[in-house]
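Since the structure of chain A is provided, determine the placement of chain B on it from the hints.
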Amino acid sequence: MSDRTIDRVAQATPVRVARKIRGLSDRAIAWIFISPTIFLLLAINIFPLIWTIQLSFTNYKANRIGREVKDVGFRNYERILTDSDTWLNMQATAHFLFWTIFFQVLIGFTLAWLINKKFKGNDLWTTIIVLPMMLSPAVVGNFWKFLYQPQIGLFNYIVSWFTGKDPSSFEMLGSVTLAPWAIVIVDTWMWTPFVMLICLAGLRSIPDYIYEAAEIDRASKLRQFFTITIPMVLPFLMLAVLFRGIENFKMFDLVVQLTGGGPGSVTELTSINLKREAFEKWRTGYASAYAIILFVTVFGLASIYVKALNKVKQR
Amino acid sequence: MSSFSVTEPTQRSKWIAGALVISYALITMIPLVWILLTGFKSPADAISYPPKVVFDPTLEGYVNLFTTRTRQTQEFLEANPPQNWADEIVRQYDMVIVGPSKFGERFMNSVIIGFGSTFLSIFLGTLAAYAFSRFKVPLKDDLLFFILSTRMMPPVAVAIPIFLMFRNLGLSDTHLGMILLYTGVNISLAVWLLKGFIDEIPREYEEAALIDGYTRFQAFYKVVLPQAATGIASTAIFCLIFAWNEYAFAVLLTSANAQTAPPFIPTIIGIGGLDWPAVAAGATIFLIPVMIFTILMRKHLLRGITFGAVRK
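The listed protein sequences correspond, in order, to chains A and B.
Counting from 1, position 31 in the first sequence corresponds to residue 31 in my numbering; the numbering is continuous, with no gaps.
To get my numbering, take the position in the second sequence, counting from 1, and add 315.
There could be a bad hint or two in this list.
[To be verified] Over 12 Å on every C-beta distance to chain A, these chain B residues come out as not near it, computed from the model: (1) S464; (2) A544; (3) A548.
[To be verified] As a list, the in silico SDA-like pairs of lysine to any residue whose alpha-carbon atoms are at most 20 Å apart: (4) A:K120 / B:I331; (5) A:K120 / B:R613; (6) A:K118 / B:S328; (7) B:K329 / A:R204; (8) B:K537 / B:E522; (9) A:K118 / B:A334; (10) A:K307 / A:T297; (11) A:K118 / B:G333; (12) A:K118 / A:P207; (13) A:K281 / A:E68; (14) A:K281 / B:A534; (15) A:K221 / A:S205; (16) A:K165 / B:E522; (17) B:K367 / A:Q151; (18) A:K117 / B:K537; (19) A:K221 / A:P207; (20) A:K118 / B:I337; (21) B:K451 / B:A534; (22) B:K329 / A:I38; (23) A:K221 / A:L242; (24) A:K118 / B:K614; (25) A:K61 / A:I50; (26) A:K117 / B:S338; (27) B:K451 / A:I38.
Keep in mind the hints are simulated off the structure, nothing from the lab.
All values reported here derive from a predicted model rather than from experimental measurement.
Glycine residues also receive a C-beta, built at the ideal position from the N, C-alpha and C atoms.
Isolated chain A (complex conformation) (with noise of 0.2 Å):
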């Protein structure tokens, strides 16, 4: 008997007699089985989402309980939107979600490259390599202040004994230049596995007979690294690329406990100007607009780039 075959019996048995036949009919099951997750999606994702939805149009602050909540309409939305202080925090958003990805895709990409040369010994040097990113982020950046101490730390020491510069001259997470690229070197370190990962899954994927082909055809290796390889990796790298685009975007753990938003604001990413709205401003309804403008960036952003993804995927 085929699943079809049960299931259209399933669907035509009443659950009665179906429970009289053997227990529970499989719709019954299904139901039961589904339902408890239903729940706790709808209570954990998808109401507080349509709370922050109503939240965002109300002056409500959430430290002050028996304040009257005024309905304002759009006007949280436009003050965020003609607020000069968010388009420097989406700055500086883009300028650590650009250098990430650009650094994570050029080394990982490199790495997974020369892994998949199958030397001996491969798969143990790729577990140590992917350590540092299922590591907590609070905790690895918190420790990554120590290194970056300017007399001390570890990092300043060795920059100092490479470049002959005095290790106390420079502060890498007190200076306004290079505090966004401590930042970056911090989640390039964490991350570059995942995009090697990936990667390498893609260059696995390739069969070898295209290779043995081209050689054939008497394809210089350079050409067939272009042609095939680049080409054939692009799904994956692109996939990759979503990824560490949607996590950095939201970006919180390591960079606040890094510069906590700091020097100034020049590190200060959307998710730590969110924080400082709803729990230290408690400016909530604020917040929630803030939030929903986040999202809405998101989402707008990830559906393009997953069309541009499944056109690369067709070809």
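Using the frame of chain A, we list chain B on its own:
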């Protein structure tokens, strides 16, 4: 593979590739090795210049991590000789141990919330995944997109309504609240990964069981569950690692009662001045379980981090 294959890299290129990858791996390990080493340094060694690679190892950092201490007068110290090795370590600073620190409690919170939410995610997730895999369910095809879209909201944004909701329900700063929250965040991932694993189990096994007179439910737990055991285990590890590492919700929604270790470890630095060895000790204890789990499940790693989009 024969040595004549054109696709097999030459011995020399393997050598170069190996050398480059190994040097990257060694560089990438420096911060982690430094955490481990700093945990065994004395506070003075930890902040010495140039940074010390060779030093006298001490358990001071670990003692400071687990205890609270106070400074005492000479008379008191002479009247109360040290009881054990930990006492002796703190005596060099004219201090005595007065009790345990909060670290043990915070670590236990991490364990309770981590395992609680993992168990719940896996329990509910396996049921839902089975239904999604085997039955016709409305909106099934939109599931992945739904899962991805719930991950697009920054946790700080989600924390606003959750904060209000927990306040109204009396769940603020409770273990139960955090377990439910992490389950809600994890369950979409769990369902999606588990569905992938269950899809791979041939339906013929269950059908054979059904024909032999098993009920659907018996077929599920006697045939499908044992087959899906590896998949369930690796999904569980993913849920556990997420809950274990999570910081944003923990720092915003918990404080005195249910706070987990990630928001606590950075605050150690404020308790005893610049006590980096204690921070490093806490980080070491906290990070090692995750490293072990990562090594155990390296085969399914890719699938987990890409929400099952890449299966290999």
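Hints versus structure:
1. Not every CB of chain A is more than 12 Å from the CB of B:S464 (nearest about 7 Å), against its label as outside the interface.
2. Every CB of chain A lies more than 12 Å from the CB of B:A544, the least distance being 18 Å, so the non-interface label holds.
3. Distance check for B:A548 against chain A: the nearest CB is about 16 Å away, which clears 12 Å, and the non-interface claim stands.
4. For the hint linking A:K120 to B:I331, the alpha-carbon distance of about 12 Å falls within 20 Å, and the restraint holds.
5. At most 20 Å may separate the alpha-carbon atoms for a hinted pair to count; A:K120 and B:R613 meet this at roughly 18 Å.
6. Using a Cα cut-off of 20 Å, the hinted pair A:K118 and B:S328 holds, with the two alpha carbons roughly 10 Å apart.
7. For the suggested pair B:K329 and A:R204, the alpha carbons sit about 16 Å apart, so the restraint of at most 20 Å is met.
8. Taking the CA atoms of B:K537 and B:E522, the gap is near 12 Å; set against the 20 Å cutoff, the hint holds.
9. Taken as a hint, the A:K118 and B:A334 pair is honoured in the structure, with Cα atoms around 12 Å apart against an allowance of 20 Å.
10. A C-alpha spacing of about 16 Å is found between A:K307 and A:T297, which places the hinted pair at or below 20 Å, so the restraint holds.
11. Proposed proximity of A:K118 and B:G333 is supported: the alpha carbons are some 8 Å apart, at most 20 Å.
12. About 15 Å separates the Cα atoms of A:K118 and A:P207, which keeps this hinted pair within 20 Å; it holds.
13. With a CA separation close to 18 Å, the supplied pair A:K281 and A:E68 stays within the 20 Å bound.
14. Pair hint A:K281 plus B:A534 does not hold up; C-alpha atoms about 55 Å apart against a cutoff of 20 Å.
15. With a C-alpha separation of about 18 Å, the suggested pairing of A:K221 with A:S205 holds against the 20 Å cut-off.
16. Annotation: proposed proximity of A:K165 to B:E522 is violated, straight-line Cα distance about 72 Å (limit 20 Å).
17. Our distance criterion of 20 Å between C-alpha atoms is met by B:K367 and A:Q151, whose separation comes to about 13 Å.
18. Taken as a hint, the A:K117 and B:K537 pair is broken in the structure, with Cα atoms around 43 Å apart against an allowance of 20 Å.
19. Only pairs whose Cα atoms come within 20 Å are accepted, and A:K221 paired with A:P207 is accepted, the gap being roughly 16 Å.
20. Between A:K118 and B:I337 the CA atoms are separated by roughly 13 Å; this keeps the pair inside 20 Å, and the hint holds.
21. Among the hinted pairs, B:K451 with B:A534 is consistent with the structure: their alpha-carbon atoms are about 18 Å apart, no more than 20 Å.
22. With a C-alpha separation of about 50 Å, the suggested pair B:K329 and A:I38 falls outside the 20 Å cut-off, and the hint is violated.
23. Our distance criterion of 20 Å between C-alpha atoms is broken by A:K221 and A:L242, whose separation comes to about 29 Å.
24. Taking the CA atoms of A:K118 and B:K614, the gap is about 17 Å. The hint holds against a cut of 20 Å.
25. For the proposed pair A:K61 and A:I50, the alpha carbon gap of about 18 Å is at most 20 Å, so the pair holds.
26. For the proposed pair A:K117 and B:S338, the alpha carbon gap of about 16 Å is at most 20 Å, so the pair holds.
27. About 16 Å separates the Cα atoms of B:K451 and A:I38, which keeps this hinted pair within 20 Å; it holds.
The structure is inconsistent with the numbered hints 1, 14, 16, 18, 22, 23, although it conforms to all the rest.
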